[in-house]
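Given chain G, put chain P in place with the hints provided.
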Amino acid sequence: GDSVTQMEGPVTLSEEAFLTINCTYTATGYPSLFWYVQYPGEGLQLLLKATKADDKGSNKGFEATYRKETTSFHLEKGSVQVSDSAVYFCALRTADSWGKLQFGAGTQVVVTP
Amino acid sequence: EAQVTQNPRYLITVTGKKLTVTCSQNMNHEYMSWYRQDPGLGLRQIYYSMNVEVTDKGDVPEGYKVSRKEKRNFPLILESPSPNQTSLYFCASSLRGSTDTQYFGPGTRLTVL
Chain G
9 GDSVTQMEGP VTLSEEAFLT INCTYTATGY PSLFWYVQYP GEGLQLLLKA
59 TKADDKGSNK GFEATYRKET TSFHLEKGSV QVSDSAVYFC ALRTADSWGK
109 LQFGAGTQVV VTP
Chain P
-1 EAQVTQNPRY LITVTGKKLT VTCSQNMNHE YMSWYRQDPG LGLRQIYYSM
49 NVEVTDKGDV PEGYKVSRKE KRNFPLILES PSPNQTSLYF CASSLRGSTD
99 TQYFGPGTRL TVL
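From first to last, the protein sequence lines are chains G and P. So the first sequence is numbered by my numbering: it starts at 9 and just counts up by one. So the second sequence is numbered by my numbering: it starts at -1 and just counts up by one.
The shape of chain G in the complex, shown without the other chains (with noise of 0.2 Å):
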């Protein structure tokens, strides 16, 4: 079946440091991929997304290249402040199942000053 595998945590970094989230996945034919964060208390959010093969999405300042041949969608940020220490979900749905999202473990992000 379709399965998320993320990166586990915590993640430690000091503020302006790089942040790289490793997820891979598996998965039937061509899904949409996705990452969301959950701040301390809230519920989750979209961070951002990409449909088709090669397609980055990007938003405040991170990125995601969906890469087909390693079935990856890495997250990446090149300088992290405290205020994005958070819980991150890669999440992915598959093309014949409109309605299902299937939810990696979470990687939790701890930036310090």
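Honestly, the hints are just simulated from the structure, not real lab data. Treat each hint with caution, since some may be false.
Once the Cα atoms are required to be at most 27 Å apart in a straight line, the calculated DSSO-like pairs of lysine-lysine come out as [claimed, not checked]:
| no. | chain 1 | residue 1 | chain 2 | residue 2 |
| --- | --- | --- | --- | --- |
| 1 | P | 67 | G | 68 |
| 2 | G | 108 | P | 67 |
| 3 | G | 68 | P | 16 |
| 4 | P | 67 | P | 16 |
| 5 | G | 108 | P | 69 |
| 6 | P | 63 | P | 15 |
| 7 | G | 60 | P | 55 |
| 8 | P | 67 | P | 15 |
Label-pair restraints from in silico Cβ distances [said to hold, decoys possible]:
| no. | chain 1 | residue 1 | chain 2 | residue 2 | range |
| --- | --- | --- | --- | --- | --- |
| 9 | G | 62 | P | 107 | 26 to 32 Å |
| 10 | G | 61 | P | 5 | 37 to 43 Å |
| 11 | P | 51 | G | 47 | 33 to 39 Å |
| 12 | P | 98 | G | 13 | 21 to 27 Å |
Glycine residues also receive a C-beta, built at the ideal position from the N, C-alpha and C atoms.
What follows is chain P alone, placed relative to chain G:
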């Protein structure tokens, strides 16, 4: 203000006592979904609804029921709660499907004793 509301936000109950968690959105969204969030497992989809009177199972539907009689409301019903349903529950909605940006409610923390 566009939002998804859930009630109650916190609930402690006992095994076997039927309960309902309400979810309402004011954005005229067609798609609504319920998730549970557990440590190390990320979010898992319970049920989703593509429109009024159209519901379908997600990955973990056992022990839950839903209904979609009106576009704005999507209640989650636990007919006979058990301790393994202790979790953090999120409702979400989007314009048409899971590829559209999903807007999440604030969450309901349920404890079943």
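How the hints compare with the structure:
1. 67/P <-> 68/G: violated (38 Å)
2. 108/G <-> 67/P: holds (20 Å)
3. 68/G <-> 16/P: violated (43 Å)
4. 67/P <-> 16/P: holds (20 Å)
5. 108/G <-> 69/P: Holds, because 19 Å separates the two Cα atoms, which is no more than 27 Å.
6. 63/P <-> 15/P: Measuring from Cα to Cα gives roughly 14 Å; hence the hint holds.
7. 60/G <-> 55/P: Cα-Cα ~26 Å, so holds.
8. 67/P <-> 15/P: holds (24 Å)
9. 62/G <-> 107/P: 26 to 32 Å: For residue 107/P against residue 62/G, whose Cβ atoms are near 40 Å apart, the range 26 to 32 Å is violated.
10. 61/G <-> 5/P: 37 to 43 Å: Since the Cβ atoms of residue 61/G and residue 5/P sit about 42 Å apart, the hinted range of 37 to 43 Å holds.
11. 51/P <-> 47/G: 33 to 39 Å: holds (35 Å)
12. 98/P <-> 13/G: 21 to 27 Å: Distance hint for residue 98/P, residue 13/G holds at roughly 25 Å.
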